[in-house]
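Below are the chains, spelled out letter by letter.
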Amino acid sequence: MPDTAEQIAPAPLLSVENLKVHFAIRAGVFQRQVGEVKAVDGVSFSIGAGETLGLVGESGCGKSTTGLALMGLVRVAGGRIAMKGSQDVTSMRNVPRSHRRRMQIIFQDPFSSLNPRQRVRDIIRAPLDIHRIGTMEERRAEVAKLISLVGLRSDQADNFPHQFSGGQRQRIGIARALALKPDIIVCDEPVSALDVSVQAQILNLLADLQSELGLSYLFISHDLGVVEHISHQVAVMYLGKIVEIGPKKVIFSKPLHPYSELLLRSAPSHDPHHRHQFSAVSDDIPSATKKPSGCAFHTRCPLATDLCRRVEPQLETKAHGQSIACHHR
Amino acid sequence: MQDLALEKTMEPALAVSNLNVEILGENGAFPVVSEMSLSVNRGETVCIVGESGCGKSMTALSLLRLLPESARVASGSIKIHGEDFLAMDQRKMEDFRGDKIAMIFQEPLTALNPVLTIGEQISESVRQHRKLGKREAFARAVKCLELVQMPDPERRARQYPHELSGGMRQRAMIALALACEPKIIIADEPTTALDVTVQAQILGLISDLQKRLGTAQILITHDLGVVAEIADRVIVMYAGRPVEECSVYELFDNPLHPYTIGLMGAVPHRGEAEAAPRRLADIPGTVPPLWDLPKGCAFAPRCPGASSRCLEERPPFVEMKPGHFAACWEHDHA
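Taken in sequence, the protein lines are chains A and B. The first sequence lines up with residues 1 to 329 when you count with the working numbering. The second sequence lines up with residues 1 to 334 when you count with the working numbering.
Quick caveat, the hints were computed from the structure, so don't treat them as lab data. Computed from a predicted structure; not experimentally measured. Yeah, the Cβ is synthetic: ideal placement off N, Cα and C, and Gly gets one too. Accuracy of the hints is not assured; some may be wrong.
[As the list claims (entries may be wrong)] If you want the footprint, here are the derived chain A segments under chain B, 3+ residues with CB under 8 Å:
no.: 1; region: 197 to 205
no.: 2; region: 258 to 266
no.: 3; region: 271 to 277
Please work from the sequences and hints to get the whole structure.
Right under this line is the structure:
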């Protein structure tokens, strides 16, 4: 329980301000830089303890890059990443391990994110070895605990990744992420590669772990149903920017940004009695390399005016804790 | 004589009966599709739904005689407009394929030829089946691209697949499949590789086209949301076998098979925003490997209501209610 002083001004566990990640576009024989993709272009959000922020958007919107930037797996071009109780590490060349321990990641593809030549117990122990936590004996005991925590059998500890199904492999990845007792786990499309029956197992496991261990998640996904299910807060990204952010309930029941509306309108209904009348007409979907001027969504937006083509809207707070970047709402 | 004519028109566009497909493995053959029967009428969309490895894609490939070398149809029949497709010789089969029955694949980037323009690929298919000159065929290709609402079809026809976005590529592939106006379309996960806003457009396009052209469609998918949007009838497959078949309304209103019920509970639905997340009804365990199926019902080890009979004997696929088929001892009314 947070004490009263914190309740007045609760400092979030993680706060990200104006995060930027740029990739160079290189061409020609000498691979000269001919341009730049602003994959993440000034993204700000915060996550409280025990909370899940769902980050949704379509391919190429920069949601995964945001996750990788938090983990220090891509170079950050600007902005600030601060965790409560840690020093500001954004501009540091060598981030201290004590900081790294607090944030871990689960990847999308359980087939390529586990070393095929390592046994499961060694995969899960690796973070403990790297961070030199405990004696050999203690590490072994910890690994055994983690294996049962994520719902694997202890006799599977000596197996190799190929002996497991996709869902079980994702459990191994989760156990590895939990080994350092992190505060936050970045979940980068953790269930996208799984069948629905197995996806439900993993989503339930993540929910259980959150309530047991008080974890926070940054949950990155393109699947609106999954994001609605697991998140407390939701941020919608479009071409490197957050266009709408707020409490899940509000975003899913009363989205304000035209892009959020389009996303929700496009999701299948799961009810044959209430089918959508989807339009077959294609719209002009731009890419991050050729970002439109002004509001990046104006090429697809029914509300677009000349103002949208010229001036980029900034995130503004509206009622119900919802913030959107749109001139017309 | 009149009766015969009537019978001809009543015939389903595609009728599959008791299809068995097996894969020839190192340790002998094992079944990947067993006792699959289905029929699709003109203007009807049948969805085959199931999780990876349930045999839905193998069913689709066998319908076009496109099975990989390691697999073969062990028994059963596939009739296209009453003609036995499996018994046809190579020439006749090739005449049929593309002309009477065509396929839309999941991943247009691998299914389209990267070194031919979109227009060339469509005209190639047209000229295979129709006596048309190069120019006429190309004009036809542009017409097809217009049909799938490709913006600027004239220019797109001269572009290569890599120059198009994912959604445009899928439109191009649909145009390619429609080039000879086939009466039957098989679509294998046609929207799985697409973003949700593009998926909506392609689903809109597919149902639009069907209304206009009256094709018989089989759509393979793992996504119950897509099924709810587009299907008339649904077949649910599990471990190579159909376990439930009924109208789409019946499936969502009164699912009978425990696997179908499990699948429905496992999907996080849009529009149930609650303060506390609901626990999803997961299905414990995993799909059994096809080379080592349990003796009784293949779903029994994961089924909440499995009895000793389920573990011993495989339930037959029978009509439980008019038009509603399922394979489950629990619902055996006999």
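Run the structure past the numbered hints and jot down the numbers of the failing ones, going up. Hints that this structure does not satisfy do not exist here, as all of them hold.
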